[in-house]
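A.B. asks: As they're listed, the protein sequences go chains A and B.
UniProt numbering numbers the first residue of the first sequence as 1 and each following residue consecutively.
UniProt numbering numbers the first residue of the second sequence as 1 and each following residue consecutively.
Keep in mind the hints are simulated off the structure, nothing from the lab.
Some hints here could point you the wrong way.
[What the hints assert, rightly or not] Restricting the straight-line Cα-Cα distance to at most 20 Å, the calculated cross-link-like pairs of lysine to aspartate or glutamate (DMTMM-like) are:
no.: 1; chain 1: A; residue 1: K362; chain 2: B; residue 2: D13
no.: 2; chain 1: A; residue 1: K362; chain 2: B; residue 2: E167
no.: 3; chain 1: B; residue 1: K180; chain 2: A; residue 2: D378
no.: 4; chain 1: A; residue 1: K703; chain 2: A; residue 2: E96
no.: 5; chain 1: A; residue 1: K642; chain 2: A; residue 2: D317
no.: 6; chain 1: A; residue 1: K362; chain 2: A; residue 2: E343
no.: 7; chain 1: A; residue 1: K478; chain 2: A; residue 2: D264
no.: 8; chain 1: A; residue 1: K709; chain 2: B; residue 2: E152
A quick note: this is a predicted structure, and the numbers were derived from the prediction, not measured.
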Amino acid sequence: MSESSISALPPGRPSRQPFIHQETSLPKEALEWESRSLNTVPALQDLNEVCSMSKVHSSRSLLKGVLGGRTLVQVWTQTGVVLRCFSSPPVNFLQELPSYRSIARKRTTILSRDKQSGTLLKPTDSYNFQLEGEITEDLDNQSIRKYALNISEKRRLRDIQETQMKYLSEWDQWKRYSSKSWKRFIEKAREMTTHLELWREDIRSIEGKFGTGIQSYFSFLRFLVLLNLVIFLIIFLVVLLPVLLTRYKITNSSFILIPSQDVDIQCTVYPISSSGLIYFYSYIIDLLSGTGFLEDTYLFYGHYTIDGVKFQNFTYDLPLAYLLSTIAYLALSLVWIVKRSVEGFKINLIRSEEHFQSYCNKIFAGWDFCITNRSMADLKHSSLRYELREIDKMVFGENLLILYLPSIVITLANFITPIIFAKIIHYEDYSPGFEIRLTILRCVFMRLATICVLVFTLGSKITSCDNYLCELCGYNQKLYPCWETQVGQEMYKLMIFDLIIILAVTLFVDFPRKILVTYCSSWKLFQCWGEQEFAIPDNVLGIVYGQTICWIGAFFSPLLPAIATLKFIIIFYVKEISLLYTCRPSPRQFRASNSNFFFLLVLLIGLCLAIIPLTISMARIPSSKACGPFTNFNTTWEVVPKTVSTFPNSLQTLVYGITSEAFAVPFFMIICLIMFYFIALAGAHKRVVVQLREQLNLESRDKRYLIQKLTEAQRDLRNRLD
Amino acid sequence: MGSRSSHAARIPDVDSLRRETGSVSQASLRRLYDRFQALDRTGKGYLSRLDLQQIGALAVNPLGDRIIDSFFPDGSLRLDFPGFVRVLAHFRPVDEEEEGNRDPKEPEPLNSRMNKLRFAFQLYDLDRDGKISRHEMLQALRLMVGVQVTEEQLESIADRTVQEADEDGDGAVSFLEFAKSLEKMNIEQKMSIRILK
Chain A
1 MSESSISALP PGRPSRQPFI HQETSLPKEA LEWESRSLNT VPALQDLNEV
51 CSMSKVHSSR SLLKGVLGGR TLVQVWTQTG VVLRCFSSPP VNFLQELPSY
101 RSIARKRTTI LSRDKQSGTL LKPTDSYNFQ LEGEITEDLD NQSIRKYALN
151 ISEKRRLRDI QETQMKYLSE WDQWKRYSSK SWKRFIEKAR EMTTHLELWR
201 EDIRSIEGKF GTGIQSYFSF LRFLVLLNLV IFLIIFLVVL LPVLLTRYKI
251 TNSSFILIPS QDVDIQCTVY PISSSGLIYF YSYIIDLLSG TGFLEDTYLF
301 YGHYTIDGVK FQNFTYDLPL AYLLSTIAYL ALSLVWIVKR SVEGFKINLI
351 RSEEHFQSYC NKIFAGWDFC ITNRSMADLK HSSLRYELRE IDKMVFGENL
401 LILYLPSIVI TLANFITPII FAKIIHYEDY SPGFEIRLTI LRCVFMRLAT
451 ICVLVFTLGS KITSCDNYLC ELCGYNQKLY PCWETQVGQE MYKLMIFDLI
501 IILAVTLFVD FPRKILVTYC SSWKLFQCWG EQEFAIPDNV LGIVYGQTIC
551 WIGAFFSPLL PAIATLKFII IFYVKEISLL YTCRPSPRQF RASNSNFFFL
601 LVLLIGLCLA IIPLTISMAR IPSSKACGPF TNFNTTWEVV PKTVSTFPNS
651 LQTLVYGITS EAFAVPFFMI ICLIMFYFIA LAGAHKRVVV QLREQLNLES
701 RDKRYLIQKL TEAQRDLRNR LD
Chain B
1 MGSRSSHAAR IPDVDSLRRE TGSVSQASLR RLYDRFQALD RTGKGYLSRL
51 DLQQIGALAV NPLGDRIIDS FFPDGSLRLD FPGFVRVLAH FRPVDEEEEG
101 NRDPKEPEPL NSRMNKLRFA FQLYDLDRDG KISRHEMLQA LRLMVGVQVT
151 EEQLESIADR TVQEADEDGD GAVSFLEFAK SLEKMNIEQK MSIRILK
């Protein structure tokens, strides 16, 4: 394969380069000889047949394909001279094939953020007609700009397109024009929205310095900021705005206050302590725990003791609006999280490809050639080591779901936790990425369990009066005259304390540690301790915990999402500063594509956990009669049946029909069937993918076999000519 | 502005170089010439191995020595400017517009995907037999991963890698298999130096 000849090589070129072939442009006579030679050499007829099998069409490319490029032509013009052998004719064949060319085109167009590249063939002379035919058919869908042709060809196509336009009806012309301008508009809008992304440069620079694992944490944080902002907007528009408009007399509206009937007077007593003189420290304590001067403000549920707002044309039902806003923000959170995680999930499903060529990719393409100093080089070496180890153990990573279950059991049965933890730690043989995920899961369950316990305790205290069931008002009105506000206060306290603790840890642990390690590095203790790494599990856990609190608390404290937004913004900047100044890049690289999906999964667990206490308090626990919009209803949920009963009869029967068992059970069964169908479809697709992959393998083997045959035939021909 | 053009005249054989290496722009050639002269500290007019070893990035690169060797083909000891440009032309970013406008009759430019892959392949194929044997793979692995891995682990990883890429079962990775194993890798972007546009 590596025969190389010396003659016919222009001077100044390295003579022994077995894999880099340099070809000069052909003189004109050579081309004429080419077309004549095809008919005169009998041996070529046989080769013709071989070539037609591999679908090489034009005569010129046939010659190139069969005879390995310019070799034969050189012989004809310089008769008797030893052939220049290119020792990799199979590679030349590969490059002639239409499939290679279309892949090469696809690759370059993908680089330009264009997701709609069709199969584009390079227009050699013979393909030109074919190509033009395809393009003119396709002109409706593709813009000419995206084709890989030179300018003169594109101009020609544009002229064709314009003449075509004349023959279309007015309607089609207008359609084409509007679709073009629409596409242009969408492109511009997409470009602009990427510029508007919050904290784009910060996150990019973090990604550059610390890798994609830590960057995924910060984008997750950004997502939560946006989510909380939108939740707050919903609550503001639906609940706060009418109240504010009326309170500050911006519109000509008034409150409707219906006194509660059939209720014991005792239930409606709500003593709010508002003292004139407040000591400074009690002011601080009130600020931190939501009591005192903060209790009867817009911050908490108790302030909204309004049954409706009367505008000029209609009455705005505030209790219904309050309830619907809660359901709306929960549904929005669910949909948004699922939508975001589905994108990551799709990538995960096709992820089995990663086993394919992962070693080669790491060894041949794993080094980062921009590294210029020794310490970064050592870091890169260790991360390569780590990744090779991880590929080795990747099998265990797929079993995440199977081991999900024990984690749930552990958290529910709190007292067996220590024993089982200790047992699992012995299995240090998990792949490192899987270890991190398992750690996060365990910590999340432990921490969310504390919220569960808190909420459960509160609930039981509210509904029990001296260990008996409360009969007077349905809840413990002595301790909790306005229990929703109290619950809101608890959530507010948790949120504020969480923020304070995060700030305190950063200020009093991270920075001193960095200072000590930098300046007192002579002490053995600090040298061992070392600089800290950014602990992704702990930080993700903190955010999910904060978000769960926000979801539970937003019903009892409408302004809580706004506080959560501010809190996450502060945390973003604090964590970013702490990362840049006190952390070192970890030698263990955490893969981001997997982790995005995983973070969202954990967040989803938090959401499901938050929905449970909300449903119980809305449907089971009687709403307090002393404060809030639901004083006239037994439970919060009662607003809905009462509203439905005011609908016209036909609508009422429809609603009752939908919520009856006669509808719900078949509906549930149909949903299950649809789900099974999609699962089966996905399984079938996967099987098809595997089969196609096998077929591709076989095809490529056939191709190589054919190319080998071709090169043998070429060699025979050459030998015959000599 | 005036001084610029006279500098261009000082670069030897500008036009033939540009044609050879597939239309590198004038500005890039200028930059490369400046860099060449900066590396040539003693003003010899050519570069030796020692000059290239002074580059920091090459010193920490595990394949640094092999990259330097690729600048000096056939054991020559001097690297002149055309040779310098010829090797670096492999690292020009692939320009899509240009790819589209390229005349199929002209030879493939040095910065095409295939030529980039060939350049990378010869870094690993030390004995130039057209295949990366298991032994060569092991050497490359040792350079990449460093000293902290045991010999058995290295050997098993090398075996796995050859197994993964080898299709015709000859226990070595030929150029075709090499190209195939990296087909999903964005070589055009990874093997590009942006200043060489």
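A.B. asks: Under the constraints set out in the numbered hints, which ones does this structure not fulfil?
C.D. replies: 1, 3, 6, 8
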